[in-house]
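Listed here are the chains, written in short residue letters.
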Amino acid sequence: DGGITQSPKYLFRKEGQNVTLSCEQNLNHDAMYWYRQDPGQGLRLIYYSQIVNDFQKGDIAEGYSVSREKKESFPLTVTSAQKNPTAFYLCASSIGEAETAQYFGPGTRLTVL
Amino acid sequence: SQKIEQNSEALNIQEGKTATLTCNYTNYSPAYLQWYRQDPGRGPVFLLLIRENEKEKRKERLKVTFDTTLKQSLFHITASQPADSATYLCALAIYNQGGKLIFGQGTELSVKP
Chain A
1 DGGITQSPKY
11 LFRKEGQNVT
21 LSCEQNLNHD
31 AMYWYRQDPG
41 QGLRLIYYSQ
51 IVNDFQKGDI
61 AEGYSVSREK
71 KESFPLTVTS
81 AQKNPTAFYL
91 CASSIGEAET
101 AQYFGPGTRL
111 TVL
Chain B
1 SQKIEQNSEA
11 LNIQEGKTAT
21 LTCNYTNYSP
31 AYLQWYRQDP
41 GRGPVFLLLI
51 RENEKEKRKE
61 RLKVTFDTTL
71 KQSLFHITAS
81 QPADSATYLC
91 ALAIYNQGGK
101 LIFGQGTELS
111 VKP
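Residue numbers (the working numbering), protein chains in the order written: chain A, 1 to 113; chain B, 1 to 113.
Everything labelled a hint here was simulated from the structure, so no lab data went into it.
Treat the hints with care, as some may be off.
[As the list claims (entries may be wrong)] With a straight-line cut-off of 20 Å between C-alpha atoms, the simulated EDC-like cross-links for lysine to aspartate or glutamate are: (1) Lys55(B) x Glu99(A); (2) Lys9(A) x Asp67(B); (3) Lys57(B) x Glu99(A); (4) Lys70(A) x Glu99(A).
Based on the provided sequences and hints, a complete structural model is requested.
Shown next as structure tokens:
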């Protein structure tokens with residue numbers, strides 16, 4: 001059963017703590033993406049990776065970090081430097097070439113207490 | 001500055017009517033445009049892709065147009081059903097940026113029986 005998974009579905013964090021969101025895909029896709037979505041807003045790109053061991057900053061990378069050590073995995077760390085981390089986080093993957101759809105995971109809702 | 005705008009107000013229509021959603025952009029030269037559907041609390045799902053040299057694309061009850069002169073895409077759902085109720089996102093892909101997409105904020109569609 002191919003797809004993209006994110007865990008956990010809901011995450012609570014105390015202010016000042018780092019937290020890592022998981023994203024795994026078994027679609028054999030080269031490219032992976034992390035987005036943030038706030039209420040009533042579209043998706044904003046945090047980081048993306050087009051190949052293993054390489055990644056680029058998106059539009060709102062400050063306060064976040066990623067790694068891409070394996071093709072299947074692209075974890076996102078929300079650091080304490082992120083000023084307003086409460087949001088819905090979405091991971092996606094694609095073949096990576098132009099004209100290809102992105103396949104999204106179910107999302108992780110992060111709440112900072 | 002570069003902007004992508006979708007109808008910010010929710011669209012309410014009667015079952016059986018055609019829903020038309022708008023996506024306008026400025027200061028971009030997109031290679032192609034995609035439309036996604038997003039249900040509450042879930043990740044977006046890819047619906048259709050249209051290239052800059054295509055005027056229209058159809059898939060079952062869905063139709064997308066792309067006017068690069070007006071810098072606008074229209075998304076139509078014919079014979080709408082309550083199950084079509086969701087938020088619809090448009091996304092632009094720019095030349096030479098691989099699979100990277102820029103998303104609009106989405107339009108919420110509500111189809112009443």
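For each hint, the structure was consulted:
1. With a CA separation close to 16 Å, the supplied pair Lys55(B) and Glu99(A) stays within the 20 Å bound.
2. Straight-line distance between C-alpha atoms of Lys9(A) and Asp67(B) comes to about 39 Å, which puts the hinted pair past the 20 Å bound.
3. The suggested pairing of Lys57(B) with Glu99(A) holds, with an alpha-carbon distance near 14 Å, which does not exceed 20 Å.
4. Using a Cα cut-off of 20 Å, the hinted pair Lys70(A) and Glu99(A) is violated, with the two alpha carbons roughly 24 Å apart.
Taken one by one, the earlier hints fail for this structure at numbers 2 and 4, listed in ascending order.
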